Amino acid sequence: MSAVMPELLTSTHVEKMKKKKPPKRYWEETENTDQSQRRPEEEEGKAGQNQNESTVKERPLKRKNDERLEKKDPFPGEAPIPHKQLQKFQRGEKCKVPAGARRRLKEAITSSEAMSEHAQKQAARYDLLLPEDAGFLEGDEDEDTNTISQDDIADAVDITSGSKYFSLHLSQFGPYRLDYSRTGRHLLVGGKKGHVACIDWQTKDLMCEMNVMETVNDVKWLHTEAMFAVAQKRWLYIYDSKGVELHCVKKFNDVLRMQFLPYHFLLATASATGFLQYLDVSVGKEVAAICTKMGRLDVMAQNPHNAVIHLGHPNGTISLWSPNQKEPLVKMLCHRGAVRSLTVDKTGTYMVTSGLDRKLKVYDIRAFKPLHSCFLPAGASCLSLSQRGLLSAATGDIVQVYQNILGSSPVSKPYMAHRLRGQIWGLAYCPFEDVLGIGHGEGFTSMIVPGAGEPNFDALDTNPFRSYEQRQEWEVKALLEKVQPELIGLHPEQLSKVDQASFEQRHKEQVEALGFDPLAKVKFKPKTKKKGRSSAGAIEKRKRKVAHEDQRDEIRQSVQERTEREKELKEKSNEKKLGNKSTLDRFRK
Amino acid sequence: AISSMGSRKRKKQNERSEASVQVSEFFVNAEGTGEKVNLSDLLGTVEKTSGASNKTKKQLRNLQSSKETLELPLNKQQTEKIQRGIAYEKTAAEVSCWRNIILQNQKAEQMVFPLNQESPGPKRVEQVVAGWKVQTPLEQEIFRLLHINSQPVDDPVLTPVEEQSLKAMSLEEAKIRRAELQKARALQSYYEAKAKREKKIKSKKYHKVQRKAKCKDFLKQFDEMVKTNPEGALEELKKMELSRMEERMSLKHQNSGKWAKSKAIMAKYDDSARKAMQEQLQMNKDLTQKIVVPSDDEHESNEEGLETIPDFVNDSEPVIDSVNPWMRGQLTHEEPEVSCVTTEDVQTAEEENEEEELVGEFERKRKLRQADEEDLIPTEEERKRAEDVVEVSDKEEEDDDDDDEEEEEEDVSEFNTLFRLMRSEKTLEGSNQTREGLNTPGQEDEEGLLNEGQIRVRNIEDLEVLGEFVDPQPIAEPSLPRTAAVEATSEPPYKKKREIDLKEVLTKEAKAVKVPFLPTVVDEEERDEQISIIKEAFAGDDVISDFIKDKSKLEAAGRPEVVDLTLPGWGEWGGVGLKPSRWKRKRFRIKTAPPPPRQDQKLPDVIISENRNASVASHQVSQLPFPFQNTAQFESSIRTPIGPTWNTQSVVKNMTKPKVITKMGAIIEPMCSGNQQGAITHANTNIKNNSTVYTWIPPATAKNIVFV
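The listed protein sequences derive, respectively, from chains A and B.
The UniProt record's numbering puts the first residue of the first sequence at 1, with every later residue one more than the last.
The UniProt record's numbering puts the first residue of the second sequence at 1, with every later residue one more than the last.
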């Protein structure tokens with residue numbers, strides 16, 4: 001009934017509206033007709049909405065007869081959404097209702113289309129709430145931006161921003177690797193000689209500092225700033241933010257590089273022995289261990305778009321891995337020498353690599369095609385891409401930042417450059433900040449790079465200003481929304497496709513996964529009987545009763561067919577014989 | 001029910017004392033009871049009688065001469081099937097009025113139950129007060145307690161106890177009252193003692209007399225009561241009405257009891273027995289007589305009086321007159337028949353009298369009933385009458401039954417005719433078939449042979465037709481090897497092509513980048529070192545050739561293997577140094593279809609794994625869901641994500657809203673429109689035959705629909 005009522009209601013409303021119309025005035029005539037011609041549908045639509053509007057309309061008319069003060073909405077209808085914005089939130093192609101479609105199909109398609117359109121519109125509308133713009137650096141005439149020093153920038157900008165340019169002089173345990181937490185609030189630095197420290201870098205508040213008394217190969221934050229992983233000389237260790245050792249994961253040995261997949265809660269590690277391992281940090285289980293057979297793995301990056309791990313190898317190839325496959329998804333030859341570093345951009349479209357051949361290459365990894373390459377005199381030892389697509393490359397003790405490198409045209413000169421004291425060991429952009437962190441032999445330097453960070457953050461996903469409670473809440477939600485490792489693949493959109501594999505193939509996969517054939521016949525197992533009836537002989541007899549069942553069936557069938565055929569033949573011959581009879585034969589006895 | 005399930009059914013066996021075809025219930029040989037009355041039997045007498053009209057005689061004669069037999073009624077299964085069909089159509093038509101509502105509900109994005117929800121918010125005081133009822137157990141308990149203690153519920157001014165205390169009596173009054181009470185108690189004890197004494201008396205006559213006296217007393221009292229206490233009289237009247245109803249329901253005084261049956265046998269010979277029976281009937285009549293309330297319309301009562309009075313008079317008259325219906329002058333429409341009978345049985349007057357006595361009684365009863373039940377529906381009356389007159393005429397009963405079933409038969413008759421037609425056709429066909437079957441077998445054989453011939457001819461034709469298709473086949477077959485050859489020839493260039501073009505891939509014009517700072521330490525040694533490293537890296541085209549090798553290996557693995565089934569020495573000479581001929585090698589090599597082209601076919605420096613990602617497949621939709629016709633439609637329908645990560649909150653809420661919302665604790669009543677009481681939708685499940693009967697009322701009709 002509820003479904004019926006609204007229609008009735010609307011119709012009654014419309015009638016009422018028509019009745020309530022004030023008597024026509026001579027001055028109204030032209031205007032009204034205009035209006036009716038212009039937007040008859042809109043009026044109808046509005047009529048159903050509420051009656052308040054009509055009352056608002058009437059009052060001024062009564063008050064002032066001589067004025068044409070009919071108050072009308074200067075912006076009728078919904079607020080228009082710019083086409084560009086709409087385009088931004090377009091998801092896939094629209095589906096049209098095919099001609100001659102059945103009712104159910106029509107309903108399904110139209111409803112889903114309406115829903116997706118509504119969602120798109122709303123998203124485009126709410127895009128308004130992302131007001132921040134990215135910054136940039138602009139030089140004077142005849143001035144290259146790369147000649148502007150960090151000190152100048154720090155002086156020019158406001159104090160808080162200026163304080164983001166700083167360096168930590170840690171010459172004792174250098175060179176340093178570093179990692180920013182996902183919110184960009186916390187910094188983790190790990191010195192080669194065992195010094196590990198985590199800092200709330202904006203307040204310069206030291207959370208913990210320790211020396212693990214072992215070589216530190218890499219450091220990585222886990223899903224929150226409460227835990228981090230340290231790849232030490234032999235094993236993988238996990239500490240909390242106070243520096244208390246939580247786990248020593250002995251399954252993961254000789255780890256050189258690590259990557260954390262935040263939506264899967266997976267810590268991927270690449271070891272010196274050529275193993276790529278996945279650790280599920282939510283349950284503490286090893287998800288997959290893949291022997292890459294590619295030698296020492298010291299170049300690693302993740303594709304944030306599809307959580308595929310990219311590994312660089314000494315033979316100039318780059319391989320893409322998922323935990324579900326024992327062989328690389330893709331293997332591409334990128335350099336003539338060993339790959340020194342690689343990084344993938346946020347959207348998963350571009351990959352930037354550098355090799356021993358002193359080249360920097362930009363790949364489109366959707367098509368696995370090189371876009372352009374450039375020659376760096378010293379070659380890049382470390383690469384990092386910012387959220388907004390600024391590339392930083394470490395060449396010796398110089399950090400260069402390139403702008404628009406992901407475009408189609410190659411760049412000729414860097415956007416910014418900065419010289420440091422020691423050899424650069426680690427590079428990372430701070431999320432949601434215009435800051436590039438550099439770990440080097442003499443410590444850590446934070447460098448201002450205008451326009452590096454994403455100005456608008458999603459507070460439900462990564463909130464740089466989140467409180468302790470918010471972090472807890474986020475952790476629970478994130479765990480609930482955890483993506484299973486099986487869904488990692490080159491094409492994440494595959495999940496929304498219909499699996500069109502044949503039954504045989506699916507069955508084969510099932511057999512492989514289960515280790516046995518669920519559709520196969522079970523071997524006959526005679527029941528144990530009591531009172532001496534389960535003797536070996538009796539069991540044999542019982543077995544023989546059902547032995548070769550399928551074969552017997554076949555034989556039975558074939559025999560039956562043969563008999564039938566014979567019967568038919570016989571009948572035919574009989575008929576033939578009868579056919580020779582004359583009509584008078586029936587009187588013969 | 002349980003005892004009946006357990007016990008075995010026993011068949012009552014009739015005792016048989018004499019050898020005869022028919023055994024009457026009195027174990028006496030009754031000849032001719034089972035035989036049917038033939039038309040000819042009746043005809044003979046008709047011819048003799050002078051009273052019968054010529055017309056009827058003619059009709060009877062025609063009837064006799066006609067040889068058409070009546071159609072057999074359809075058998076039970078068929079009639080039931082037809083009836084079921086009709087019933088189904090009817091109900092389907094009635095049920096179809098729900099169709100639009102159902103469709104609408106299916107279409108609706110969300111349904112909220114219960115449907116007719118009360119509007120939230122404050123209500124008017126009158127609504128609340130009028131509709132208030134004791135609902136919760138707590139309230140019920142409270143009200144029960146209030147009632148028990150006789151506390152005022154509505155307007156608490158004074159409790160009854162308080163009122164009593166206010167009406168406190170004086171001493172004298174109290175004394176008088178006490179005396180009265182004492183007297184009443186004494187009287188009651190006397191009365192009780194008397195009743196006990198009287199109850200002990202075993203004489204039936206005494207009790208009879210007592211009862212009659214009481215009756216008279218009662219009547220007198222009643223008369224007085226009517227004048228003095230009309231309310232009490234009305235109550236008495238109600239009691240009488242109740243007794244009347246009881247009497248009408250029971251067969252207590254209708255000569256159907258054990259005693260009455262024994263008396264019926266004796267009535268032939270004993271006057272007193274007859275009288276007793278009559279008395280009983282009289283009792284029945286008296287009891288069942290409608291009590292006339294004077295306030296009711298006089299017209300009816302007058303009519304009743306007119307009809308009832310003569311009967312009453314007849315009863316009071318001497319026995320013979322009273323029982324003889326033929327003497328009353330109120331003959332029914334069965335006159336001619338009866339007259340016939342009378343003419344036949346003139347001789348045995350006495351027997352007839354006694355028989356007629358009974359018949360007359362029945363007749364009278366019927367009359368009374370008629371008078372009583374004038375307000376009933378005519379059909380029912382007829383049926384009742386038929387029941388009463390069962391003993392009088394079997395024929396009539398049949399007629400009546402016919403009347404009842406007429407309506408159904410009207411419906412069925414059409415189908416009957418249809419079926420008859422069909423059956424006749426079938427029989428015709430059957431006869432044809434049999435006739436065909438009787439035909440000479442030679443003919444059939446010939447037909448069969450001809451058929452075979454045709455097939456052969458067709459085969460030839462097919463061959464001819466096939467020839468057109470077959471011809472191109474040989475052309476097509478060589479084409480395969482040819483393409484293979486082409487492939488073979490094209491392979492070398494292909495191979496060349498596949499070698500990674502260094503210019504294209506690795507040494508793609510790399511632009512040198514100007515760096516503002518040069519590396520700090522650019523020692524000559526280091527530079528040499530770097531150069532050496534680079535040289536190491538470039539040592540030969542190791543990297544590239546390795547990669548190509550890898551790729552070609554994978555490609556080879558992906559290609560289907562050619563199965564070579566040549567057997568050396570089979571069909572030709574074999575031995576050391578002898579190879580099977582080329583033709584043979586070609587002939588026995590089995591090639592399977594090539595797999596689809598690799599994804600990396602056109603990317604020389606990329607190897608893409610061709611393995612299917614089975615882990616995702618387990619999460620994928622493997623079969624196209626119902627309304628969709630192709631995968632594109634379905635995929636586009638789920639292309640928009642519903643999570644809060646990608647959508648605004650309102651959209652998420654809208655997208656994930658449940659299809660049905662029910663209110664916790666609210667009773668969801670079946671949907672109805674039109675009926676105030678609501679559609680009664682209930683199911684009666686019969687466990688015995690495992691069937692369920694659903695009863696419900698569609699909108700705007702008051703009729704119940706029952707379907708199984």
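Everything labelled a hint here was simulated from the structure, so no lab data went into it.
The structure displayed is predicted, hence computed values, not measured ones.
Certain hints may be false.
Ranges of calculated distance between the beta carbons of each label pair, as one might list FRET restraints [stated by the list, open to error]:
1. A:R125 x B:E141: 52 to 62 Å
2. A:Q85 x B:P625: 48 to 58 Å
3. A:E93 x B:T645: 16 to 26 Å
4. A:H507 x B:W98: 37 to 47 Å
Virtual Cβ for every residue (Gly too), placed ideally from N, Cα, C.
Hints, verified against the model:
no., hint, in the structure
1, A:R125 x B:E141: 52 to 62 Å, "holds (58 Å)"
2, A:Q85 x B:P625: 48 to 58 Å, "violated (33 Å)"
3, A:E93 x B:T645: 16 to 26 Å, "holds (22 Å)"
4, A:H507 x B:W98: 37 to 47 Å, "holds (45 Å)"
Hint check: a violation occurs at hint 2 only; the rest are consistent with the structure.
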